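Engineer: Below, each chain spelled out in residue letters.
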Amino acid sequence: MDKNINTPANPQGAVMVVGGGIAGMQAALDIANSGFYVYLVEKSPAIGGKMAQLDKTFPTNDCAM
Amino acid sequence: MNIELLTLTEVTAISGQEGDITATLVQHPRYVDTDKCIACGLCAEKCPKKVPDEYNEGLGKRKAIYVPYSQAVPLKYTIDPNNCLYLTKERCGLCETVCPSHAINYLDQKKEITLNVGSVVLSTGFKSFDPSGLDHLSFGKHPDIVTSMGFERVLSATGPQGGHLVLPSDKKHKKEPKKIAWLQCVGSRDENRSKNSYCSSVCCMYAVKQSVMAMDHSKAPLDCAIFYMDMRTQGKDFDTYLEKAKDNGVRFVRSRVHTVMPDPHKGNLVMTYVDELGALKTEYFDMVVLSTGLEISADSFALATGMGIELDASNFINTNSFNPVSTSMPGIYACGVFTGPKDIPQSVMEASAAAAAATEGLAVSRNTLTKAVVKPKEREVAEDAPKIGVFVCNCGTNIGGIVDIPAVAAYAAELPGVVYVEENLFTCSQDTQDKMVEVIRNKGLNRIVVAACTPKTHEELFRETLIDAGLNKYLIEMANIRNQDSWVHSDEPEKATTKAKDLVRMAVAKAFRLAPLFETQLPVSPSALVVGGGIAGMTAALSLSRQGYPVTLVEKNQHMGGNGRQLCKTWKNEEIAPFVKGLIADIEADGQIQTLLGATVESVEGFVGNFKTTVTSVDKTQLIDHGVALIATGAVESKPTEYAYGQHKAVMTLLELDALFMEKDTRLEKAMEVVFIQCVGSRDKEHPYCSKVCCTHAIKSAMAFKKKNPDTGVYVLYRDIRTYGQRETLYREARKAGILFFQYDLDSKPVVTPGENRVSVEFTDTILGRRLCVDADILCLSARIDARDNTHLSQAFKVTADSAGWLLEAHQKLRPVDFATDGVFLCGMSHYPKPVDESIAQAKAAAARALTVLSRNSINVGGIVAQIDPERCAGCGGCVEVCSYNAITMDPEREVAVVNDALCKGCGACAATCPSEAPSLMGFNNDQLYAQIKSALAV
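Protein sequences appear in the order of chains A and B.
According to my numbering, the first sequence is numbered sequentially starting from 1.
According to my numbering, the second sequence is numbered sequentially starting from 1001.
No lab work stands behind these hints, which were simulated from the structure alone.
Everything hinted at is true.
Here are the simulated DSSO-like pairs of lysine-lysine, each with C-alpha atoms no more than 27 angstroms apart in a straight line:
1) B/Lys1171 x A/Lys50
2) B/Lys1172 x A/Lys56
3) A/Lys56 x B/Lys1813
4) B/Lys1061 x A/Lys50
5) A/Lys50 x B/Lys1456
Restraint ranges, calculated between C-beta atoms of paired labels, are given here:
6) B/Asp1891 x A/Pro8: 50 to 58 angstroms
7) B/Val1026 x A/Asn6: 27 to 35 angstroms
8) B/Ser1884 x A/Cys63: 23 to 31 angstroms
9) A/Pro8 x B/Phe1661: 39 to 47 angstroms
10) A/Cys63 x B/Asp1586: 40 to 48 angstroms
11) B/Glu1602 x A/Pro8: 39 to 47 angstroms
12) A/Cys63 x B/Asn1900: 28 to 36 angstroms
13) A/Cys63 x B/Pro1081: 26 to 34 angstroms
What you are looking at is a predicted structure, and each value in this text was computed from that prediction instead of being measured.
The beta carbon of each residue, even a glycine, is placed where N, CA and C say it ideally should be.
Excised from the complex, chain A in its bound form (with noise of 0.2 angstroms):
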């Protein structure tokens, strides 16, 4: 990567999101709401991530599923 050089006059309309859980996702669907393409880039099996291994979630209690 290169730290000094400016951003090109026609820089890509994508957007690489690394990770896929509850952050990646949302930033997924951001970006690509947005108008940009996403690639989200997930290394296990499935998105979801650490939250959906949680039961319920405070303060409401709702199923984190």
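Fit chain B to the given chain A structure using the hints.
Structural biologist: What follows is chain B alone, placed relative to chain A:
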């Protein structure tokens, strides 16, 4: 649609620069063709190889071919190559034999993928601390000592114990625990045993939650005890939850536990600890939960260092308070726990913030690579006689294992209007969807019933299928024969089958009367209104402008900057004043931002995409058209009513002390004894919430005294020190620097007596059990932070606040910057007290969420909304009153009520209220509902 999911994939290298980055990735083989796999589960059923299940933290088993969990996305099986008998020893091959769709491919190879992107967001999260190495806690030596993640799985209905709280050591006899202990700070706030000196931020709150849930799960009274150092429940509503847990009987013991050992004689776990008064205690527990902290995995470390990104001493990505989602490498952004330990709402906020930051530099290329959906033309069926198709789902064995699906299908075939019935293993699977499209077209079906699960999760999917088949998407009705039937009547399969038939009959009766509904498109006004010109409001305004959208920034005062103007430094020692000045200069130089000073919002009309807001400033009133609104009105430090505040010049608040620091006041040099009192006016009966920032702010100020003169006596009187996350570093430094910390409770508050030049502060040293007295030159009070009065603004934008006045987000965990009202977003301290970095993250997040509206050309309104028949309306206004969304107004000329389609959420409250049945909810009209009810009764 515009998200391409690459699972089993890792980044190997990246090169280039922001705007034009080339990423090389490797995708590992799945050995299952995802296009063919229908997730029927036959493979896993027959697979002979059992391995510990990672998803259940090793507390259960999975097979070598598996889906991680039943709701996994994508719901496709994977072969674990390290455990598959065929891949390791070329034996077995059973899964290939049984797979009905020939999806197994043992020859699958890893692939290299190259991507060209403008920017990168890193969100690889955390790994839980592994307590195996901690001998004193005996983890791994007894099955009833579990980690907190393990305990989540124990509690979960989908977990290895089906949600039954029984001892892992005695699952056979379903022996329930009677006493459970939680040990906090395992792998956190511990430099000796774990190297993780930071606080993991989330463990206190999840332990409280788990204890409450455990009591809920337990049939007999359960003794829950949480052993902690400081209760760090600093988030919104967390302290209320904590107090409720105390009321429910959860015990909180301030102690770091010495040892946990299995007791072979008594058959349970023996724990040794020193209590608050210094006495050595021994107590027996049936189960011990280790509240393990969050840390960065070796993989994430390698990923970041490979990209040349700076990490901190604990391997979290180094960020500064003013750019909380930027890494040291331009073009690479980060969010979630990778930048520091944090909870879900904060992770979600940062994720949205990263979305805004990562696309700021790419704004000119918006919509260049995204794809638009091409939809087939809709068939006109309104006048046609119903030709109903019924699809009955087995949901694997979820429904099919209980309900007699062939019998339900045969029954459906006889119902009036039904011309086609099909049974599916999974009606929602991609291949079934494709087949459905064909069937609807070929058989000319014009109403669809899906008897499966809940419309809450799946109706949207089936609506898409109808669109693909050229049918109006509202011509579907779902019968929930899973959640409302097979799941709740699993003991009575025959009755469940009868109920399934009833539910299908009702759905068919309604489907018979379904009519197509239509939506209209309204253009979006591509600009934003930001209320509040503090750090949050300015950050959001700049972010939106850089994304290409004009902003009107409304500030009540004659100057921008808000609370930021009064703050000295962040906890990372960054000067706040120059940053705020920079923001103001950027705003002033930005041609797309119109700033209105001394201005207030008078009234708001319209709805998402099309707001019309009247703003009054000193000399003029103007009407502003905007598509979205962001509320960032901040908060205010309260004036204390105790500890001689206002009666003696030595007594001041944190902000007043910051002012002295900024003015380089000579009193600071002369001060020899300085006392800080925490939680002044916070965390009591009247104001139960924690103001979140004061512990860090006070300790940072305390350190400033110590740095000036190490001989100054500095005392902090606290209830719980809440230097969460990496802020713990500051607390540790403070202790090392000789700042003295004394804990007090609400019933033993410090006593302040004003003297001539000083004030005397008397308090108890709990460890010595003695009263101490300090004559303080400066007594600094960490005063509660109050919400501003947003009553008028809330009413104008139709948003709500909680009882303490904090504006209320749509969902505390998953939608932390959205209001329930579409198109209106919140950020900064108007949501809850928070430090500068979190305000900035939330401001960028609000901008990102606003962009999802602004970047659309139009919004769809209509569909399932209420319509009012003016002939029947008597003009009583009853519907106007019950409408929670202010979607109904009275037409003054005709004296009838009128619904605004853009505001109506289709809740049906108006239809239920009206005595003359004038409103009818489209898709749920009286004719349809009565038919459904009649059909329910007609057995």
